[in-house]
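Number of protein chains: 2
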Amino acid sequence: MKNKPLLLDCTLRDGGYYTNWDFDEDLVAEYCRTVENLPIDYVEVGYRSIPVKGYLGEYFYCPEYVLKKLKKLMPSKKLVIILNEKDIRASHVNELLGPCKDYIKLVRLAIDPSNFKRAIVLAKAIKKMGFEVGFNVMYMSNWKENSSFLDLLEDLDNTIDYFYMVDSFGGVFPKDVIEIIDLVKSKTNCALGFHGHNNLEMAMANTLTAIDHGCSIVDATITGMGRGAGNLRTELFLTYLDSQKIERIEYNNLSAVVSKFEKLKTEFLWGTSLPYMFSGANSLPQKQVMEWVGMNRYPISSIVNALNNQKEAVEDN
Amino acid sequence: MKNKPLLLDCTLRDGGYYTNWDFDEDLVAEYCRTVENLPIDYVEVGYRSIPVKGYLGEYFYCPEYVLKKLKKLMPSKKLVIILNEKDIRASHVNELLGPCKDYIKLVRLAIDPSNFKRAIVLAKAIKKMGFEVGFNVMYMSNWKENSSFLDLLEDLDNTIDYFYMVDSFGGVFPKDVIEIIDLVKSKTNCALGFHGHNNLEMAMANTLTAIDHGCSIVDATITGMGRGAGNLRTELFLTYLDSQKIERIEYNNLSAVVSKFEKLKTEFLWGTSLPYMFSGANSLPQKQVMEWVGMNRYPISSIVNALNNQKEAVEDN
Chain U
44 MKNKPLLLDC TLRDGGYYTN WDFDEDLVAE YCRTVENLPI DYVEVGYRSI
94 PVKGYLGEYF YCPEYVLKKL KKLMPSKKLV IILNEKDIRA SHVNELLGPC
144 KDYIKLVRLA IDPSNFKRAI VLAKAIKKMG FEVGFNVMYM SNWKENSSFL
194 DLLEDLDNTI DYFYMVDSFG GVFPKDVIEI IDLVKSKTNC ALGFHGHNNL
244 EMAMANTLTA IDHGCSIVDA TITGMGRGAG NLRTELFLTY LDSQKIERIE
294 YNNLSAVVSK FEKLKTEFLW GTSLPYMFSG ANSLPQKQVM EWVGMNRYPI
344 SSIVNALNNQ KEAVEDN
Chain R
44 MKNKPLLLDC TLRDGGYYTN WDFDEDLVAE YCRTVENLPI DYVEVGYRSI
94 PVKGYLGEYF YCPEYVLKKL KKLMPSKKLV IILNEKDIRA SHVNELLGPC
144 KDYIKLVRLA IDPSNFKRAI VLAKAIKKMG FEVGFNVMYM SNWKENSSFL
194 DLLEDLDNTI DYFYMVDSFG GVFPKDVIEI IDLVKSKTNC ALGFHGHNNL
244 EMAMANTLTA IDHGCSIVDA TITGMGRGAG NLRTELFLTY LDSQKIERIE
294 YNNLSAVVSK FEKLKTEFLW GTSLPYMFSG ANSLPQKQVM EWVGMNRYPI
344 SSIVNALNNQ KEAVEDN
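The listed protein sequences correspond, in order, to chains U and R. Going by my numbering, the first residue of the first sequence is number 44, and it counts up by one from there. Going by my numbering, the first residue of the second sequence is number 44, and it counts up by one from there.
The set of hints was computed from the structure by calculation and includes no laboratory data. It is possible that some hints are incorrect.
Since copy identity is lost for identical chains, a pair holds within one copy or between any two.
Claimed, not checked - Here are the simulated lysine-lysine pairs, DSS-like style, with alpha carbons at most 25 angstroms apart: (1) LYS218 <-> LYS45; (2) LYS218 <-> LYS47; (3) LYS288 <-> LYS167; (4) LYS354 <-> LYS47; (5) LYS96 <-> LYS121; (6) LYS187 <-> LYS288; (7) LYS170 <-> LYS111.
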């Protein structure tokens, strides 16, 4: 590794897909105290959102008292929240982000490439408020087929601080990562980021490849807790940095917090499994798989069969 | 993937480290019937051994009635047994392997490079009996420092059918795999194999790299069941082959047998975790880690601390 990348831990944000963004208060406090003493640069603590349908927990809305508490526990860290671009317009940002100014350094946007133009309007409004802005652009495995949205990146170097490639399906391999980075680099000078998923147990390999090819920031979560098959594990990446003498890790507190999340994992069962492998290898959305696997009611074979039908329907279209 | 490699499934052999080589008879039967219909070329069913100290189950000794039963369940497969080179001499082979002739195609030897000369004597005796011979040579991450044993490979092309590189510590990365393959290729024309471990979640990435750089056979196990952090998962590799249209997989039976092994995994807890990541990243043996993790009695932090001490002792020497 020639250049050490910035590391962003998004355990509470991405892990919230399993807990509906509710987390035990003691666990959050232990997580924060541990992260505060690790070589992690940014900590994404949740979403912020206008009210949306159905019950969603504390870390989906991150009210000011939550942000205040988190900042007190992690005074040295740059805190991050993410917005679902599909729900948020530029007209929302003053009310939505005004109360975040004292606590949040970076605001990320989860963006479907088909809404890219709209996202730029939102990004400019957020940037004007003084935040760093990150673009988390989804479905990177499809970009090779449809990359026209990337032309819109011209002249946005001062608006976007980090342009993330998100492996939404968990289906890319190192050669894809390299090709897509080259494609993006041909369109922008933005600092690049990579957010991997572990469907095919390629999150670590893809992340290392992304770093070697010029990504300057990468995402990870404790125990890989995150939507579907989950993410690169923070403890794996840190252990790697330690073994390479790039960073020195203090394992005592890290181990303790990892143990607690491992325990939570036995309840919520994130991580890859045959249905996620199948959806990753065939670029199928993991939302549906997550519902089926999470219900713990269908045998794996039924889920894979249903996915196989989806795949054939996709191929027929 | 330019050339499809041969696939060797060693679930019962490597998984035996967790069950002490005892497996439920119905599970074995279901495993065999499933494997029989999958694009798996070789199936390693266990060790064969002279009596060694302590109790070790059926698949550590693989008596003839076991081999006969397995062959009946998997008539189209090439069955494999492995010998621990450290325990077996050429003088044992007639008695030990004579009864295997009707059932076993390939005999592999697990070899410490420091016993390489002795292993060649054993290999010649086995080859003379008509078996294919595989060398599973351990500690590949150390070969770059000490590769003199590879000079002994000259003139062994007719003795060794497969020369496997074993990532014993689970610590190699694709660039290491490439370098070590180049090193081995400079010494022999043997068909090369790769046996990965998943400590750093690199088993899949390393295996794909090995194949791209000329390995013609690779190992995997159902759910990754295997010593320490375990192996490349058979179902992951097969799903990949299916998605690439290299093989067609029938998922129904595969899913069912994967489910049963996943259930066993909740009891025996193979797979990676922070202690295995640490031992992998620092090239420490996983035997000790496995005992500590398996006892389920020590907090992760104590295990990592003990490993840290081991690492410093290694560095001091």
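These are the hints, each one checked on the structure:
1. Within a single copy, LYS218 and LYS45 get their C-alpha atoms as close as 19 angstroms, and across copies as close as 14 angstroms, so both meet the 25 angstroms cut-off.
2. Taking the closest pair of Cα atoms, LYS218 and LYS47 come within 25 angstroms of each other both inside a single copy (21 angstroms) and across two copies (18 angstroms).
3. Proximity of LYS288 to LYS167 under the C-alpha cut-off of 25 angstroms is found in neither arrangement, the shortest distances being 39 angstroms within a copy and 44 angstroms between copies.
4. For a Cα distance limit of 25 angstroms, the shortest separation of LYS354 from LYS47 across copies, 23 angstroms, qualifies, whereas the shortest one inside one copy, 39 angstroms, does not.
5. In this assembly of identical chains, LYS96 and LYS121 lie within 25 angstroms of each other by CA distance neither inside one copy nor across copies; the values are 30 angstroms within and 57 angstroms between.
6. In this homomeric assembly, LYS187 and LYS288 come within 25 angstroms of each other (Cα to Cα) only across copies, at 20 angstroms, whereas the closest approach inside a single copy is 36 angstroms.
7. For the homomeric pair LYS170 and LYS111, the shortest alpha-carbon distance inside one copy (22 angstroms) is at most 25 angstroms, but the shortest distance between copies (72 angstroms) is not.
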